[in-house]
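If you read the sequences in order, they're chains A and B.
Position 65, counted from 1, in the first sequence is what the working numbering calls 65; the numbers after and before it change by one each time, with no gaps.
Position 10, counted from 1, in the second sequence is what the working numbering calls 10; the numbers after and before it change by one each time, with no gaps.
Calculated directly from the structure, the hints in this document are not laboratory data.
It cannot be assumed that every hint is accurate.
[Unchecked claim] Here are the simulated lysine to aspartate or glutamate pairs, EDC-like style, with alpha carbons at most 16 Å apart:
(1) B:K159 <-> A:D207
(2) A:K149 <-> A:E161
(3) B:K11 <-> B:E112
(4) A:K149 <-> A:E46
(5) A:K6 <-> A:E156
(6) B:K159 <-> A:D56
(7) B:K11 <-> B:E34
(8) B:K11 <-> B:D116
(9) B:K159 <-> A:E47
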Amino acid sequence: MNLVEKILARASGRARVTPGEVVVADVDRILLHDLSCYLTARVFEEEVRQPVCHPDRVVVVFDHHFSPPTEEQARMLQENRAWARRHGFHLFDCGSGNIHHVALHAGFIRPGTVVVGSDSHTPVHGTLGCFATGLGNYSHAALGLPFGKAWFRVPELVRIELEGTTGLGVTPRDVALFLTGQIGEGGMVYRALEFAGPYLEGLEVFDRWLFPLITVDVGAKSGHVQPDERTLSFLAELTGERPEAVRGDGDDVAEVRGWTVDGLEPQVACPPTVGNVHPVTESAGVPIQWAELGGHGGGRLQDIRLAARVLRGRRVHPQVRFNVVPSSRWVFTQALREGLVEDLHRAGATWFPPSTGSNQAINMGALAADETMVSTHARNFPGRNGGGRMYLASALTVAASAVAGCLADPREFVR
Amino acid sequence: MEARLGGPCVKFGDGVNTDVIIPGRYLVSIDPAELAEHAFEPLGPEVQARVRSSPVIVAGSNFGCGSAREQAATCLIGAGVRAVVARSFARVFFRNCINTGLLAVECPAAAEAARDGDEVWVDHRAGRVEVAGQSFAFTPYPESLRRILESGGLIPYLKQILAAQAARER
């Protein structure tokens with residue numbers, strides 16, 4: 001069996017499972033953010049009204065609000081807080097960071113487990129060798145909270161093999177954007193993805209992270225990396241405990257697709273969708289007013305380091321507001337220790353509290369109709385951040401563009 | 001849920017995303033009628049009126065891509081939509097349809113054949129879509145999921161099971 005089949009077989013108490021079957025599986029972790037928590041709580045308390053089966057498996061992170069801007073939002077957070085406390089869930093309040101980064105840093109994600117959440121980018125936890133996927137709130141309210149379970153149709157697995165070496169100024173984020181464009185939105189509907197190959201295996205855990213992150217945007221159900229020595233030592237360092245690794249047998253793969261990263265240029269997802277990916281050179285010169293490091297895929301320590309490489313000794317362009325959002329308090333601590341907070345501040349960037357950044361413009365990041373933003377975020381659909389146009393890129397490209405005042409090829413800044 | 005349901009359709013193209021179906025700012029509501037007022041709001045009042053008067057939505061590939069929000073399905077129920085027939089669905093949207101009791105049918109040939117405004121009827125047990133007199137086959141739901149769908153979604157399904165359990169224990 002492959003990794004997904006092994007995990008789902010164990011979780012549903014079967015010797016084996018095959019693609020297409022519907023199974024009811026035990027859920028090891030339920031992740032809720034401030035928006036989904038509110039809805040799940042309402043459905044659960046108004047309609048289901050059952051005791052919670054495993055409160056210690058539920059993690060709530062307020063990441064869309066780092067501080068409520070209206071009384072209505074303050075009330076919503078207050079209700080969430082009271083609900084989480086009443087049931088004894090793990091609660092991370094405003095200012096903790098992005099839901100997925102916080103869950104990982106706090107040691108809640110273990111290889112071989114089933115992780116679900118209402119956030120559509122929940123599959124990112126496959127980075128550590130989980131079966132992780134996004135479900136609607138009804139799933140949590142009706143099956144997850146009262147019974148610790150969820151139903152799944154067992155997906156077929158596609159292995160994506162990446163090989164080659166990237167050139168100067170080309171980062172794992174560029175490779176992930178390139179793949180999204182190559183596979184296409186909806187190119188992998190209902191399937192599970194296994195990211196593999198020498199390029200991917202050579203990356204550190206938080207760079208591998210960018211690959212399962214694209215799962216939902218190519219339509220797939222889950223995405224993972226087979227746990228290896230790097231995964232296990234990462235977890236041992238994080239939690240002080242070396243977990244058992246579950247690995248697939250290497251067979252039972254419906255399809256194998258391969259790409260080389262040799263000669264790849266820095267990539268940008270252009271409006272209006274995440275799959276509209278082109279080399280940055282095709283969009284270079286487009287004026288921008290906003291730049292941001294943040295979101296599910298940005299605000300990592302790696303992103304902040306990359307931005308500092310560009311910004312040291314340079315200034316953010318006077319027509320650009322460059323916002324930096326660390327993905328967790330841990331990232332901010334590390335950035336402080338490495339002097340990166342001062343580097344970016346001196347260059348004219350603005351630091352925001354750990355959170356999920358301008359995603360859906362709840363706390364920040366609304367655009368006027370004729371404004372343009374370039375960011376490390378995961379989505380750029382029209383209307384998501386008010387008006388305006390959104391480009392998605394690597395931290396290097398975001399920082400280079402913030403300096404240039406327009407979309408810029410980062411290779412000219414990191415020579 | 002009736003075995004056969006349908007009526008005139010409104011047709012969309014490929015890649016209709018959840019930010020278009022129900023914008024993020026309305027997501028604090030779980031009331032289908034209230035959500036329905038904002039369904040397809042980014043496409044303007046004419047499209048919204050068409051959706052409200054069409055029991056069937058026909059779409060291209062990857063309908064419902066983007067966020068995992070259930071309201072993308074419940075707002076359509078509130079607007080009076082009974083079935084969505086598409087070339088393909090984003091998986092979370094498809095799942096949310098089952099869990100909220102909205103019939104979602106993947107049938108590329110029917111989605112291709114239907115023109116905007118055509119009569120489209122779906123028999124989900126037989127696995128058949130009729131478009132303006134032509135008939136197209138699709139794979140019916142596995143029984144476990146059909147039971148959830150026919151109960152009107154996961155919550156009513158759960159309530160039925162809990163009620164049956166309580167009756168047995170009495």
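Each hint tested on the structure:
1. Restraint check for K159 (chain B) and D207 (chain A): the C-alpha separation of about 44 Å exceeds 16 Å, so the hint is violated.
2. Taken as a hint, the K149 (chain A) and E161 (chain A) pair is broken in the structure, with Cα atoms around 32 Å apart against an allowance of 16 Å.
3. Distance hint between K11 (chain B) and E112 (chain B) is fulfilled; the C-alpha atoms sit about 10 Å from each other, no more than 16 Å.
4. A hinted pair counts as satisfied when its Cα atoms are at most 16 Å apart, and K149 (chain A) with E46 (chain A) does not qualify at roughly 20 Å.
5. Of the supplied pair hints, the one linking K6 (chain A) and E156 (chain A) holds, its CA atoms being roughly 13 Å apart against a limit of 16 Å.
6. At most 16 Å may separate the alpha-carbon atoms for a hinted pair to count; K159 (chain B) and D56 (chain A) exceed this at roughly 25 Å.
7. Between K11 (chain B) and E34 (chain B) the alpha-carbon distance is near 23 Å, which puts this suggested pair outside the 16 Å criterion.
8. Simply put, K11 (chain B) and D116 (chain B) have alpha-carbon atoms about 5 Å apart, close enough for the 16 Å limit, and the pair holds.
9. A hinted pair counts as satisfied when its Cα atoms are at most 16 Å apart, and K159 (chain B) with E47 (chain A) qualifies at roughly 9 Å.
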